[in-house]
Amino acid sequence: MATFESKQARPAPRNTKGITHWLRENLFSDITSSILTILSFVLLYLTIPPLLDWMIFDATWTGTKEEITKDGARWIFIFEKFNQFIYGFYPEDQYYRPNLVLFIFLLYIYGFKKINNTLVRAFIVLSFPVISVVLLYGGFGLEIIPTTKWGGLLLTIVVAAVGIIVSFPIGILFALGRQSKMPIIKTISIMYIEFIRGVPLITLLFMSSVILPLFFPENMDFDKLLRALIGITLFQAAYIAEVIRGGLQAIPKGQYEAADSIGLTYWQTMGLIILPQALKISIPNIVGSFISLFKDTTLVLIIGLFDVLAMVTLTSTDPKWLGFETEGYVFVTLIYWVICFSMSKYAKSLEEKFNTDHR
Amino acid sequence: MKKYRKEPQENVAFYNNPEKRAIIYQILALAAIFIFTYFILNNMFTNIEKRGINTGFDFLSSEAGFGILQSLIEYDESNSHGKVFIVGLLNTLLVSAIGIFFASIIGLLIGIGRLSKNFMVSKLCMIYVETFRNIPILLQILFWYNVVLASLPNPRQSFSYFDSIFLNNRGLYIPKPILESGFIAVIIAFILGLIACAYLVKWAKTKHDETGEEFPVVWTSLAILIVAPTLVFFVSGTPATLEYAELKGFNFKGGWTLIPELLALAFALSIYTATYIAEAVRAGIEAVPKGQKEAAHALGLKDHIILKKVVLPQALRVIIPPVINQYLNLTKNSSLATAIGYPELVTIFAGTSLNQVGQAIEIILMTMAVYLTISIVISLIMNYANEKMKIKER
Chain A
1 MATFESKQAR PAPRNTKGIT HWLRENLFSD ITSSILTILS FVLLYLTIPP LLDWMIFDAT
61 WTGTKEEITK DGARWIFIFE KFNQFIYGFY PEDQYYRPNL VLFIFLLYIY GFKKINNTLV
121 RAFIVLSFPV ISVVLLYGGF GLEIIPTTKW GGLLLTIVVA AVGIIVSFPI GILFALGRQS
181 KMPIIKTISI MYIEFIRGVP LITLLFMSSV ILPLFFPENM DFDKLLRALI GITLFQAAYI
241 AEVIRGGLQA IPKGQYEAAD SIGLTYWQTM GLIILPQALK ISIPNIVGSF ISLFKDTTLV
301 LIIGLFDVLA MVTLTSTDPK WLGFETEGYV FVTLIYWVIC FSMSKYAKSL EEKFNTDHR
Chain B
1 MKKYRKEPQE NVAFYNNPEK RAIIYQILAL AAIFIFTYFI LNNMFTNIEK RGINTGFDFL
61 SSEAGFGILQ SLIEYDESNS HGKVFIVGLL NTLLVSAIGI FFASIIGLLI GIGRLSKNFM
121 VSKLCMIYVE TFRNIPILLQ ILFWYNVVLA SLPNPRQSFS YFDSIFLNNR GLYIPKPILE
181 SGFIAVIIAF ILGLIACAYL VKWAKTKHDE TGEEFPVVWT SLAILIVAPT LVFFVSGTPA
241 TLEYAELKGF NFKGGWTLIP ELLALAFALS IYTATYIAEA VRAGIEAVPK GQKEAAHALG
301 LKDHIILKKV VLPQALRVII PPVINQYLNL TKNSSLATAI GYPELVTIFA GTSLNQVGQA
361 IEIILMTMAV YLTISIVISL IMNYANEKMK IKER
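Taken in sequence, the protein lines are chains A and B.
No gaps in the numbering here: position 305 of the first sequence is 305 in full-length UniProt numbering, and each next residue is one more.
No gaps in the numbering here: position 31 of the second sequence is 31 in full-length UniProt numbering, and each next residue is one more.
Among the hints, a few may not be true.
[What the hints assert, rightly or not] Okay, derived cross-link-like pairs now, PhoX-like style, lysine-lysine, Cα gap no bigger than 25 Å in a straight line:
id, chain 1, residue 1, chain 2, residue 2
1, A, K17, B, K50
2, A, K17, B, K123
3, B, K117, A, K345
4, B, K20, A, K181
5, B, K290, A, K348
6, A, K186, B, K20
7, A, K348, B, K123
8, B, K290, A, K253
9, B, K390, A, K253
By construction, these hints were calculated from the structure, which means they are not laboratory data.
Kindly generate the complete structure, drawing on both the sequences and the hints.
Structure follows, in structure tokens:
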């Protein structure tokens, strides 16, 4: 028969709360981890203080070029050339026009949610491109500003926006074409998509800038910007098509069958049932594709358009301001980084919002 | 009421019969394409004639007449445009191979780092990914080339490592191995080593299937591949020497030179593509169900065995397709070299050659055909590998 033996009390459990616990769990859980932590801190120590010194503490913010004496960044260059980075060679007294386009855009975005009437919504969507073109280019009494004067962030945004908007319907058509049961339509779509996706964007831009004019009658004048836009749109449409195809493939077969069984036509099925769901699923990837396109707009500098990146190269060859590339590049980096990072965070939040997966 | 689709009635009009309608649509689409093609070809021939542009591929054998900064094969100004094409293609492949090699290593480390339990490591890896992924690759190339490499010291003040590797604003200089005739023995030893390893793998697999015993295949193979050629190398009397770069006059002579254009391009491509590879690696490892690891733990397997035998084989299936896509993107992005003048296909062939002979159509189409071929070959290989690696379900 077993007799009762008292056991030694076990030691109190380790503290599972508080900063020491957190440090031990996350930074010093074992020897390897501790070494890595220390190395990380060394890395931060070696990079962050010099960077902050250069960017902020030793930087020159105001004054004239002659007053620059310190080792830090010379941000006065950015302030001096700010208008060129944003508007390119757009005449200064006309700056209100791009600003107005931006304002109308924000107004429409704000108003769009409040309006429930489909006709008014359609008017908003369709009128904006027309208004923008008239405001930016001119006509109807406005002074005409040729596209050769467009540049900087303005040009970047024009290229990205046109690429995104125009490529979207084309992309949808090619996605549907690739899913089609009609063999010829399907082959054409596949050939288009695979051809465009197989070559670098730069060769497409070369093609549209060098070969495209050869394809059309001589009297048809192609603006340099328009040629770039055609190249970018052809490129983006193929990528959008593949993204949407992914969404289409995710729609259960039952949805098609249900649409068939209530006697909807192909376009009714697609427009009312399949595409709304497919697009919703694809939104995160569509945003991802927009981000890529936005970054790729920099390539237009290779065919001689002055986007915001090209403005850096151009302004730093100004004899009065030689050798300010670094500041220019850092400034442009910040612009791109902020825009792309916010878009990718937005895509991530959409992904979570649309996650109706209950598994 | 509408009729059920699958059985159209005989008396229905042809435009209401989906099958007949499909044929009409396709004929219309084909006709549109033919008309469009005819239109542009017609214009093209008229324009070519009017502007007096040469056609055909004769230009490939005509003299190029310009020098190229760097070429993997013998090239001089008297060579043809056809040779320029080859030089450009090889330089494209060179920078892509270097880029793919380093992007894979960095990407793998960062991807695993993001899953680290160590707070600092995972956060730093996250910062790396979020920073470099959101900056256009062209901007990164220009930054490395115009800011970082341009600010390196001149050859006289070069950074020197072990007195054999030198870095300055003219490029990176590394020792060049000079192979003597006896070196063939080392190569033979290496090939024999490879064959031995193949047998070893087979033998280890049979042994494992029969007895369940593990044999350290990877380490043994590595040992064979390193030790055998090294032994032969010394036994046959070191039939190779290193040629070091030396400072002569204003610049270094001898050794291998990696020009700044190549360095900037390879740097930017590896750093940028690595962010995408890192994300693919992370997603792949995260895609392995937690239960798999728990089950393996419950069986009493050790951590590194779980990683090797349970997690990685499943993760790799998810990782490989997007990574191959990134390799392809890297190769396509190498065409941005034209912005800094690294002499790859687009820079010298679709750039310099095009400017000299003016035959845009042939040259751009040839350039596109190269990238298209690379894409198609890679996607064929990938589809084949995917098919092979698919989990065989009953």
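- Within a Cα-Cα threshold of 25 Å, do K17 (chain A) and K123 (chain B) meet the stated pairing? 21 Å, holds
- Message: Against the 25 Å threshold, does the CA-CA distance of K290 (chain B) and K253 (chain A) hold or violate the hint?
- Response: It is violated: about 30 Å lies between the C-alpha atoms, which goes past 25 Å.
- Below or equal to 25 Å on CA atoms is what counts here, so check K348 (chain A) against K123 (chain B). 18 Å, holds
- Query: Is K186 (chain A) within 25 Å of K20 (chain B), Cα to Cα?
  - Reply: Cα-Cα ~17 Å, so holds.
- Satisfaction of hint between K50 (chain B) and K17 (chain A), Cα-Cα up to 25 Å: Roughly 83 Å separates the two Cα atoms, so the pair is violated.
- Does K345 (chain A) lie within 25 Å of K117 (chain B) when you go C-alpha to C-alpha? Holds - the C-alpha atoms of K345 (chain A) and K117 (chain B) are around 23 Å apart, at most 25 Å.
- Is K20 (chain B) within 25 Å of K181 (chain A), Cα to Cα? Given pair K20 (chain B), K181 (chain A) holds - Cα atoms ~13 Å apart, limit 25 Å.
- Message: Between the alpha carbons of K390 (chain B) and K253 (chain A), is the straight-line distance 25 Å or under?
- Response: 24 Å, holds
- Given pair status - K348 (chain A), K290 (chain B), alpha carbons within 25 Å: The hint holds at about 23 Å.
In terms of the numbered hints stated before, the structure departs from hints 1 and 8, listed from lowest to highest.
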